[in-house]
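A.B. asks: Below, each chain spelled out in residue letters.
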Amino acid sequence: MRELELYFGPQHLGMVGNFSITLKVEGDRILKAYANPGYLHRGFEKLMELRSWIQNFTLVCRINVVEPDSMEMIYAMGVEKLANIEVPERAHYIRSIYLELARVGSHLFGLWAYANMLGFDTVAQWAMYHRDLILDLFEELTGGRTYHIYIWPGGVRRDFPNGFKEKIVKTLHSIGSCVPDYNSTFFNNRLFVNRAKGIGTVTRKEAIDMGATGQVLRATGMKYDIRKVESYAAYDKVDWEVPIREDGDAYSRILVIRDEMIESVHMIFKLLEAMPEGEVYNRIPNPFKWTISNNDAYVRCESSRGELGLYIVSNGDNKPYRVHFRTPSYPHGLTILEKALENASIADVGNIMISLYVVAPEIDR
Amino acid sequence: MNHSLIEKIKSFFTEIQVDLREEDRIVLTAKQESAMAVLSFLKDMGFNHLALISCVDWINENKFELVYILSAYMQEDEQYNPDRDKINIILKTKISREKPQFLSVIPIFKNAEPYEREIHELFGVHFVGHPRLTPLLLCKEYKIPPFRKDFDTRDYVKNFFEKIPFVQEKAKK
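Sequence lines, in order, name chains C and L. Heads up: the first sequence begins at 1 in the working numbering, then just goes up one per residue. Heads up: the second sequence begins at 1 in the working numbering, then just goes up one per residue.
Honestly, I wouldn't trust all of these hints.
Cross-link-like lysine-lysine pairs, in silico, PhoX-like; alpha carbons within 25 Å at most [stated by the list, open to error]:
| hint | chain 1 | residue 1 | chain 2 | residue 2 |
| --- | --- | --- | --- | --- |
| 1 | C | Lys289 | L | Lys149 |
| 2 | L | Lys110 | C | Lys339 |
| 3 | C | Lys46 | L | Lys94 |
| 4 | C | Lys81 | L | Lys92 |
Because the hints were derived from the structure by calculation, they are not lab data. Model, not experiment: these values are computed from the prediction.
Given only the sequences and the hints, what does the whole structure look like? Please build it.
C.D. replies: Dropping the structure here:
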């Protein structure tokens with residue numbers, strides 16, 4: 001049969017985000033796939049070298065559009081490590097609760113993308129509605145819906161408003177009560193299971209060789225989660241489990257994502273109960289005159305997609321000398337995607353890509 | 001764990017500078033010639049996760065610094081091992097800025113491929129043995145690779161965007 005070259009994205013119904021894949025196909029089979037990122041390259045890492053330590057927060061949270069909160073967290077962690085800033089106990093708890101809320105929101109957004117692409121419009125609308133409820137919480141807490149800039153070196157910008165705890169519980173209960181509906185219409189639906197089972201399989205060995213983290217790795221049975229491995233914020237203060245699956249295919253990955261959402265909600269309840277009273281913010285020096293001495297650091301945290309790292313270098317100036325983000329979508333979307341698409345069918349390309357949970361802006365930065 | 005590991009590294013490689021920071025960050029500074037051997041040694045020691053390859057442009061020293069960050073995945077059916085899991089190894093090696101060239105680490109770590117492509121594009125470092133050093137993020141070539149310190153973004157914006165005829169006409173009005 002004749003070999004053809006096929007362009008999948010950036011403008012394609014099955015493509016979520018500004019990303020494209022060049023496919024070499026023979027009939028319906030994919031022989032080779034080449035990922036083409038760069039449609040959203042804004043050069044943030046270069047621009048950050050020209051802005052002061054605090055100004056950079058506006059850029060950092062735009063690196064991952066879907067989940068800006070863990071980007072704020074990693075940058076704040078990096079700056080804290082370079083400048084040796086302590087964070088109060090209560091702020092650790094607030095950060096954890098805030099990040100878990102963001103994780104649920106981000107997973108619901110991912111669920112929207114997945115369901116929408118496969119034509120499960122009802123589920124997609126539910127997921128979007130439930131994400132909106134979480135955005136309402138963020139709006140009350142920070143004033144912004146998508147980009148919050150709430151985490152700050154030295155803590156968080158302000159404490160929870162009055163009655164906010166009860167609002168979180170109420171919202172999460174109303175989302176959680178819909179889990180059986182999600183299960184019957186999507187996760188256990190034969191139409192979905194038959195499409196997702198057995199495609200895009202990544203074995204444990206391949207995942208390790210190609211630098212996978214997050215759901216891609218946990219779907220192959222390894223309990224690797226930075227929140228456990230190198231605990232930060234208040235994640236070591238409460239008891240929680242890392243959900244895993246064994247098969248490594250698209251279906252396992254989406255089940256890991258579902259279980260993780262449920263686990264996050266339980267974790268938020270535990271954190272809310274254990275939260276101590278006290279200060280939420282340690283003062284930092286005047287941001288306009290703040291310089292950090294010669295140093296470099298690598299910090300990492302678990303974003304909703306896997307290991308998020310930051311290598312940050314200071315040369316004693318009021319700006320970073322170099323920042324480099326290790327985003328989880330980078331190996332997932334470039335190395336693993338190309339491997340997982342080999343021998344797949346053209347109809348499964350979007351399915352595999354979304355199940356790997358790739359967000360294009362995170363790759364391009 | 002940390003101290004025995006550091007001893008081991010020191011006994012195998014003589015010309016290496018080891019620096020332990022806060023118990024879980026080991027910073028190794030190696031010579032260009034031994035960096036590859038150190039990487040493959042560390043992989044055999046169980047640090048099989050290459051998290052990041054980064055590059056820093058030390059323009060005053062006329063050097064590029066390549067930074068490899070490694071950590072360890074968990075072993076088969078293993079519980080958490082706080083001693084080892086927390087460790088991140090940061091391997092630094094400096095290369096000349098005049099003719100920046102280094103060996104590709106793809107034979108050791110498969111996922112190095114896009115990182116090296118990116119550094120080649122943004123810093124102009126050539127990786128010997130890399131199968132496709134094609135552009136990754138940018139749509140055109142620049143005289144000075146844009147992430148080098150001597151690439152002036154403000155100057156570039158002025159020269160590039162203000163010469164677009166539409167913008168020039170608007171400025172006249």
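A.B. asks: Kindly indicate which numbered hints from before are broken by the structure, ordering the numbers from low to high.
C.D. replies: none
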